[in-house]
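Asker: Counting in my numbering, the sequence shown runs from 1175 upward without gaps.
In short, the hints are calculated from the structure, not lab data.
This one's a predicted model, so the numbers in the text were calculated from it and none came from an experiment.
Positions of the beta carbon are idealized from the N, C-alpha and C atoms, including for glycine.
Heads up, a few of these hints could be off.
Distance ranges between label pairs, derived from CB positions [to be verified]:
#1 Ile1462 - Tyr1269: 25 to 35 Å
#2 Val1203 - Asp1335: 35 to 45 Å
#3 His1442 - Pro1255: 37 to 47 Å
#4 Arg1493 - Gly1339: 41 to 51 Å
#5 His1407 - His1495: 36 to 46 Å
#6 Pro1451 - Lys1319: 41 to 51 Å
#7 Asp1497 - Gln1283: 19 to 29 Å
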Amino acid sequence: MALGYARGKICVLALGGNSLIRKGERGDVAEQIKNAERITRHIFTLVTHGYNLVITHGNGPQVGQLLLQQEAGAGQVPPMPLDVCVAYSEGSMGYLLQQALLNELRRHQMRNVYVVTMITQVLVDKNDPAFKHPTKPVGPFMDKKLAEEMARVRGWSVMEDAGRGWRRVVPSPRPLKVVQRYMIRDLARQGNIVIALGGGGIPVVKDKDGDYVGVEAVIDKDLASANLAKEIHADIFAIVTEVPNACLWFGTKRQRPLHKVSLQELRHYYNDGHFPPGSMGPKVQAAIEFLEAEDGLVIITDARHLRRALELKDGTLIRRHWD
């Protein structure tokens, strides 16, 4: 299958960073291996259904741990910039997922399918307004005194985060282009499983000479995944989250799960403020952007309901139009 092109449709599957570090866990490697095996068993249904699979993933907990390590060891080793920390998390998380997938392929005796992790760069606009207004919290919580010291000594932007303490905030520019998009597309079309866009990808800009330069920023994983899904003309864009459905009036007595929704209906619900920016909002925005470009299917569900969602029996399913 790795030679020539496979016939399966392409599915871009976006996993959250919490897929490998779950709430209440310490996040050590043994726990992450166990969680990689768990999530792999759920998403493997895409492989057995014949889809050419591209897996993207968040990295919030993992890059937070790396930033903690940078601060703890700053007196002994030079701290790494944020773009390099994102690259580290892409490699380490890709390794854990890749190994779990290879083992699952062996159990299913699928010996002609291969798994590759691609360190992925994403072009952003160096003049994006986000660079002047950092809003994305990263790394550990600090008290006000330490935060002010970091701002003075390191030039960080800092802010209070929901009354829980002070944190560093970085820009979150919009993704313009996935640099390795054609390599990802071709590897997937050949029948390989591709792991890419970890943490939304490594943000890069072009300097005055046209060279790529990494920047201290974080790209939203769902928006970057939608961008990739458009660029490689995916047939399905699946977003795996913590809940089985996107809901209207979430968390209230009026809560109503969404099942089959048209693009026009989803835009209406989004504009009415049903999807908070810190949780379901970016996922719905990503769904809208993908369907505005591609006449495919978007799935929003949790890992446990993914198989039934592929059969159009569960989850939130979004198309431009439903007959």
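Asker: Are the hints correct? Go through all of them and say.
Answerer: Hint check:
Separation of isoleucine 1462 from tyrosine 1269 is about 33 Å and conforms to the stated range, judged on CB atoms against 25 to 35 Å. One distance hint, 35 to 45 Å for the beta-carbon pair valine 1203 and aspartate 1335, is violated here, with the actual separation near 27 Å. Taking the beta carbon of each, histidine 1442 and proline 1255 are about 41 Å apart, inside 37 to 47 Å as hinted. Restraint check, arginine 1493 to glycine 1339: a C-beta distance of roughly 43 Å satisfies the suggested window 41 to 51 Å.
The hinted range of 36 to 46 Å is not satisfied by histidine 1407 and histidine 1495, whose Cβ atoms lie roughly 19 Å apart. Roughly 30 Å separates the CB atoms of proline 1451 and lysine 1319, a value that falls outside the hinted 41 to 51 Å. Take aspartate 1497 and glutamine 1283: their Cβ atoms lie about 38 Å apart, and the range 19 to 29 Å is violated.
In terms of the numbered hints stated before, the structure departs from hints 2, 5, 6, 7, listed from lowest to highest.
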